[in-house]
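Enquirer: Protein chains in written order, with our numbering: chain A, 481 to 971; chain B, 53 to 264.
If you are wondering where the hints come from, they were derived from the structure by calculation, not from laboratory data. The reader is advised that the hints may include incorrect statements.
[As the list claims (entries may be wrong)] A few chain A positions that, by computed beta-carbon distances, are all more than 12 Å from chain B:
(1) Gly628
(2) Pro636
(3) Ala661
(4) Leu704
(5) Glu712
(6) Thr742
(7) Ser744
(8) Leu782
(9) Ala823
(10) Arg846
(11) Glu847
(12) Pro887
(13) Arg970
[Unchecked claim] Label-pair distances were calculated between CB atoms; the ranges are:
(14) Ala971(A) / Gly210(B): 22 to 32 Å
(15) Thr705(A) / Glu89(B): 52 to 62 Å
(16) Asp709(A) / Gly235(B): 51 to 61 Å
(17) Glu89(B) / Ala971(A): 50 to 60 Å
(18) Gly784(A) / Gly210(B): 50 to 60 Å
(19) Arg263(B) / Arg708(A): 48 to 58 Å
(20) Thr207(B) / Gly917(A): 26 to 36 Å
We put the beta carbon where it would ideally sit given N, CA and C, even for glycine.
Residues per chain, in single letters:
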Amino acid sequence: MARDLTPLFEPRGVVVTGVSSHPGKFGFVTLHNLLSCGYQGEVFAVGRPDPEGGATIILNCPVLASVDALPEGAAELLVVCTPVSANEQIIRTAAERGVRAVFVAAGGYSEASEEGAAAETRLVALANELDLVLAGPNGQGITSPPVGLCAQIVAPFPPRGRIGVASQSGNFVSAFQNYAAQTGIGISRSVSAGNAAATSIADYVEWFADDPETDVGLCYVEGLTDGRDFFERVRAITPRMPVVVVKGGATTGGQRAAASHTGSLASDDRVFDGMARQAGMVRATTIEAAFEAAATLATQPLPGGSGVVVLTTAGGWGVVTADAITTHRDLTLTTLPDDLLTAVDAMLPPRWSRNNPVDLAGGETRETIPELLDMVAGHPGVDSVVQLGLGIQGNTAALTRSGPFHPDHGLERIVDFHERQERRYAEAAADASTTHGKPVLVASELAVTQPDNPMVAAVRGTDRLCYPSADRAVAALGHLVRYASWRRARA
Amino acid sequence: MTTLSEADSRTLVAEAGVIVSRWATADTADNAAVVAEEMGFPVVVKLCGEAIAHKTERGLVRLSLTSADDVRAAATDLLGAATESDGDVELLVSTMVRGDRELIAGLVRDPQFGPCVMLGVGGVLAEAVADVAFRLAPLERLDAHELIDDLGSQTLLGPFRGQPAVDRDALADTLCALGDLAGDPAIASIDLNPLIVVEGQPMAVDALVERT
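Please work from the sequences and hints to get the whole structure.
Expert: In structure tokens form, the structure reads like this:
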């Protein structure tokens, strides 16, 4: 039974300790973020009393001198930004006032010293005694966009989406949030697990699996204290929710049996890799690839097989992408079925590639791309589609629009046409995917080089990822296909 | 850490379901020759004892012996090569198995994840090639098949130099058997190195069990 983390991610009221008037301090920043991102519950601040004896107001919020002053039952989540020595008493009192979950942002615990480790042990014992959810210590905080909760000492506040993030590195939480903000593929919950003293990555992921706001788990792990437990628990989740994992840290294990060849070949990385595959985890090697895998799992349907058809408006892209698919162990380049080939042939001038990749060779008319996307995705012999070479018209429109002749000389009309077409293409890709229940991935470097290109913007508007390169689309699709196959084999 | 003799290791893995090459032990060179004649030539003769873990490195393996005289001579040699630190030794005679493909399989206890089953491409280059993959024990059959799929050298597992493809079900049996042996806490690790593929069938021609 998963630990109930609802008071952590959907608290009725939040209280922050360690709030001072210095806008650079964690307490202040946390209070600011709680008050600035749309959280509808009550927010309380606890800090040092005004030495003059007057009421202290920070960010329009009256500062309580102690958690004693907290109204009974008004706050379920306590965010601790006070030093180690004060925290046990604060937590005990807060629990008496109705707090049910504690996020300890403060450092100085096991990561710092032996004394700190002892304090951390006492913290865990206290949380157990009081039946509190204890997150951290030494973490950056929590976000929960569905309820506008930004209880963290850093930015950004990510857009709302379906990815649940749990990380043993706070900076990687921020990295995932940055990618979410950039791509528009949002986050349901995020937590920087810090030292993960009482609540582990597995605890978070388990709760995400039952969370109606979350479709995909995304985690960064290093130094798992109980790898077997992590394996067993994640394996129980992956049949219903995909879990993307990035592992950091080189050797963590002790000495292995030295006399055996098996022992000498059993590196941490190989064992972790086998474990991840066995448990159906999606293992990514970089933070960027992990986010893109999670974003893909969150926004594309699972494919029924490994076959991919590449659609491209022109040459090189298709060739390189076909190479990437052919050399990928989990993907195959679909041989175009005869009936599909005949149907495409009827739509295009004879110079098209007559093969996969389906290269239009510039032979498209205004209806070709949307019709082709629907036809190819709808064919029973096709599992997934990668669409390349969009955004050219949008690029042309941008230059035309910014030049000295726009809007005269008939330019306004053509610019509008180009931009409208780009939006249609993006929408057609999403529609084809939704209608036929298959992944349709759009890739273009314009996703990063010109994020306001109307095609890129329109892909975003369909709540899908515009992949920054065909390689990255192929890598993400590979993860999707592998996961789907793992799941099918166990259905 | 101590090891079982090859004979005891073979018995242990064979009882768990691993297919091992035909073998017998002998206490003297003459008896080794008798055993070899019953078995049919060619045979392999090795020095076998609890303290002998790396036979090849010490030259304690004699391959492709084709007559009783050869076996007697090799066996006499091997017994003479035994040192005091080898403790009790005997001779292990086994059928000389030939195959172009060698795999390695094993069991190891990982400090983070507990018992793991390994499969890899074997032979003398095994550690340099390092085409190996792992699964946590015990293994479901599906896990075993996916472990086989994980190897990079898939062409090696298909039809190869006139030999049929590796029998993946039989290989999965061996991997599952290794995984089941993880339930015995007295076993620290197991090496089946090599598993020679004969007419598609993986067969262990050496086994080394390390005790906890």
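Enquirer: If a hint holds in the structure, say so; if it does not, say that too.
Expert: Each hint, compared with the structure:
no., hint, result
1, Gly628, "holds (38 Å)"
2, Pro636, "holds (34 Å)"
3, Ala661, "holds (34 Å)"
4, Leu704, "violated (6 Å)"
5, Glu712, "violated (9 Å)"
6, Thr742, "violated (3 Å)"
7, Ser744, "violated (6 Å)"
8, Leu782, "holds (18 Å)"
9, Ala823, "holds (34 Å)"
10, Arg846, "holds (45 Å)"
11, Glu847, "holds (43 Å)"
12, Pro887, "holds (58 Å)"
13, Arg970, "violated (7 Å)"
14, Ala971(A) / Gly210(B): 22 to 32 Å, "holds (28 Å)"
15, Thr705(A) / Glu89(B): 52 to 62 Å, "holds (58 Å)"
16, Asp709(A) / Gly235(B): 51 to 61 Å, "violated (18 Å)"
17, Glu89(B) / Ala971(A): 50 to 60 Å, "holds (56 Å)"
18, Gly784(A) / Gly210(B): 50 to 60 Å, "violated (25 Å)"
19, Arg263(B) / Arg708(A): 48 to 58 Å, "violated (22 Å)"
20, Thr207(B) / Gly917(A): 26 to 36 Å, "holds (34 Å)"
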